[in-house]
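Each chain, written out:
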Amino acid sequence: MSLVIDLVLAISLVVLAWQTLIGRSLFRGLVMFVVFGLTLAMIWARLGSPDLAMAEAAIGTGVTGAMLMVAYWRLRRAVPEAAEERVPRRPLLAATIGVLAAVLVAAIGLTTLSVLGPGGVAGYALAEALPETGLGNPITGVLVVFRNLDTLLEVAVLLAAYVGARAAMGEDSAALPLPPAQDAPLVGALVAVLVPLGLLVALYLFKAGSQDPGGAFQAGAMLAALAVVLMLAGRLRPAPEPGVWMGFALIVGTAVFSLIGVAVMAWGQPLLAIPGMWAVYVIEAAMMVSIGVTLALLFSGSAGLGVRSRS
Amino acid sequence: MMVLTWLAYALLVAGALFYLAGTVGLLRFPDALSRLHALTKADNVGLLLICLGLGILSQSPRQALLLLLIWLLALTAATVSAHLIARRALEDSAEGRSALNDLSGEPGP
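Chains as they are written, first to last, in this note's numbering: chain S, 1 to 311; chain C, 1 to 109.
Calculated from the structure, these hints are not laboratory results. Being a predicted model, the structure only gives us computed values, none of them experimental. Do not take every clue at face value.
[To be verified] Some, not all, of what chain S presents toward chain C, calculated at C-beta under 10 Å:
#1 L186
#2 V187
#3 A189
#4 L190
#5 V193
#6 L197
#7 L199
[Unchecked claim] So these bits of chain S aren't anywhere near chain C, every CB distance computed over 12 Å:
#8 I11
#9 W44
#10 L68
#11 L104
#12 Y162
#13 A184
#14 P185
#15 G188
#16 R237
#17 V264
#18 W267
#19 P270
Cβ atoms here follow ideal geometry from the backbone N, Cα and C, with glycine treated the same way.
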């Protein structure tokens, strides 16, 4: 029975990927992309990787899907012809890339199968070293303790993405419009329910991350999703400047991570050694804030966000 | 316990049927409003039946309560988004556009 479910999921994933690419209208492709991401999240969940499932659903599908949708909305307003334009089909190119990608995946898969053996895989070393850190979630262990240079660079890349987006916005960074706020009474009720609940979920994910599935990336994506809801409901609006607090929030992840990572050297520790559980929580909290704010600003396409003045 | 298990399976099958009917409606109905009509049945009743079935199968009041909360949250979100889509479809049809009625990729008139 579970084999049937797995097969259905695997086949759906390939078909959805195909549909995303050959969708003749841009909008159809976007919708298929979101469904593709949700299916992928389900597959991660079935493979026993709830961390990846949550990250895929929240960042890969939720926030990215919202960004693509709002980009489509802006494209439709700015260049209506481009938004309606049929995507040309290139079957030969698609088939070539598809076959090459399949060969690559098969090669990696086969190599992994032959590599798997006792002691030869990082997973065993991780399982042995994890209890020393006091962390219960191996994903957080890898992200914050064992391979934390990668994570630090990921947060720095997000910051670079914001700087790049801001450069592309030019001078008038609040010029990109958002879809008009929906003032229906139901929207206000939904915001009143969703925002506190979402904050609770984000804080829970952050807190749970040390022992259970969760962590800074999922919690940050949750915060960004809340900001997207508030923007679409008209409670937040794009602002031309980030302001002091938002500027602080943008860099706090990279800054705190780097500061702690360098400061430990004064005690004779190697660079980026994590001095204890308190440091894991501080770094994760700072990363959560930075990830949330950066993703929200990338969605709004503006340098900053402000509360809409009541008129 | 046997009776409860069968009841749970019956609820799951009934929920799946609602989803099937909703999906068929979504694919076959002619315009946005009737599609929404079909979809909301699957969202509301189908999810409730499945959550009830899973809640019984889990045999834990805590899990059952969590499933019920998930249903309530999905219900709230689905209600508001269906409302917004319907309003947009109504505005579009008043202006003679049909962007939402048209997922086939054909450019609107």
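Broken hints, by number: 7, 13, 14, 15
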